[in-house]
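**Q** Each protein sequence line maps, in turn, to chains L and A. Counting in the numbering used here, the first sequence runs from 1 upward without gaps. Counting in the numbering used here, the second sequence runs from 1 upward without gaps.
It is possible that some hints are incorrect.
The list treats identical chains as interchangeable, and a pair is accepted whether it falls inside one copy or across any two copies.
Straight-line Cα separation of at most 27 Å, DSSO-like style, residue types lysine-lysine; simulated pairs [stated by the list, open to error]:
#1 195 x 184
#2 55 x 89
#3 129 x 195
#4 146 x 13
#5 176 x 149
#6 195 x 89
#7 76 x 89
These are computed hints drawn from the structure, not numbers from a lab.
There are 2 protein chains.
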Amino acid sequence: MPPIKTNRNSTKKEVIIDKAAQLFMEKGFSATSMRDLAEKVGVEAASLYNHIQSKAEILQIICFRVANFLLEHLEKVENNKQGAIEKIKTILRFHLWHMINNYEEVQVADREWRHLPEPYLSNFKVQRKNYRQRLAAIIEKGVRCKEVKPIDPSTAVLIMLHAVSGVESWHRSSQKISADQLEKDIVLILVEGLKN
Amino acid sequence: MPPIKTNRNSTKKEVIIDKAAQLFMEKGFSATSMRDLAEKVGVEAASLYNHIQSKAEILQIICFRVANFLLEHLEKVENNKQGAIEKIKTILRFHLWHMINNYEEVQVADREWRHLPEPYLSNFKVQRKNYRQRLAAIIEKGVRCKEVKPIDPSTAVLIMLHAVSGVESWHRSSQKISADQLEKDIVLILVEGLKN
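Isolated chain L (complex conformation) (with noise of 0.2 Å):
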């Protein structure tokens, strides 16, 4: 599968969000100040107020843009005429690549969400139970037409994003096997099995 890269321009506020995500990833929202921000990006605190309004302006706009990512790819993925074992192969391999190429933004939606401001932190919880419940629907009905073994559709999903998010050891790792191979391996493990 070709990288897939979110839809970006290099616009000084997208630098700053970039910067942002490095910062919150290293350090978690809480401990980044805007004084870090600035001094990562190379201006200075004030100027940062003409392009974002706060420290949670960033992280909703990050938390968002990945959540939105994925619900707009498993909406494609749910009207095309694969069956389910396809369905969940291409989920994967998306989820896999979209980790790999926006790997801060990932981590950092993943990790700091709850630090979401409401309205956003109610809104954020519904998206991502509903896209929960979505990928679960298509393993129940590949379970239901046989093509699944019977397993609870729900576990199924918990256990598939969990072995996702492994990846974030496969990126730290200094001896790492290619990206194609890691979608091969995940695909593997995860859909046909471990057995021979």
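Put chain A on the given structure of chain L with help from the hints.
**A** Only chain A this time, still in chain L's reference frame:
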């Protein structure tokens, strides 16, 4: 598999460690003070020091108890006569039950080990790495004798350990499947594969 409980008695020290694990889990190790712990245990802060030397000592006990427990089990599995697939299933099940029955301790060991003081930190890292390498060696042997599909063993370990850590979401979920069902589903998805 019957519940696995680590071997503990209810000495005062064990009560302190239990309460500390709960606090480290809720607030994180760094944000937990000895005063918080004393309040949770229901004693004066000063009297904690009759049983333990420091917050770091508690973290050290928790991390190494978890690590030793998993390593001892791994050693038994390495020496038994099962094939690779059965060994992997046995380890997955053990991991899962250990996580269910000692939830706070396992979570704290997994999330907070970076706060261990030296030389414990280096020792813990070595043990973690050792565990993963030995698990990978079992998979590699299975791949070599064609019992296991061709997969990068380290990637398989990474995916499996992250998948099992998904039990965290299961633990927090209000609409849980039973622990037995969870065990079946995890083995099914990771070893047998989703595909029917």
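**Q** Run every hint past the structure and note whether it holds.
**A** Hint check results:
In the homo-oligomer, the alpha carbons of residue 195 and residue 184 lie at most 27 Å apart both inside one protomer (15 Å) and across protomers (15 Å), since each shortest distance falls under that limit. Taking identical chains as interchangeable, the C-alpha atoms of residue 55 and residue 89 are never at most 27 Å apart, the minima being 36 Å within one chain and 45 Å between chains. Within a single copy, residue 129 and residue 195 get their C-alpha atoms only as close as 32 Å, which misses the 27 Å cut-off; across copies the closest is 25 Å, which meets it. For a Cα distance limit of 27 Å, the shortest separation of residue 146 from residue 13 qualifies neither inside one copy, at 49 Å, nor across copies, at 52 Å.
For the identical chains of this complex, residue 176 and residue 149 are inter-copy neighbours only, at 20 Å across copies versus 32 Å inside a copy, given an alpha-carbon limit of 27 Å. For the homomeric pair residue 195 and residue 89, the shortest alpha-carbon distances inside one copy (18 Å) and between copies (11 Å) are both at most 27 Å. Taking identical chains as interchangeable, the C-alpha atoms of residue 76 and residue 89 lie at most 27 Å apart only when both belong to the same chain, with a minimum of 14 Å there against 36 Å between chains.
Of the numbered hints listed earlier, those contradicted by the structure are 2 and 4.
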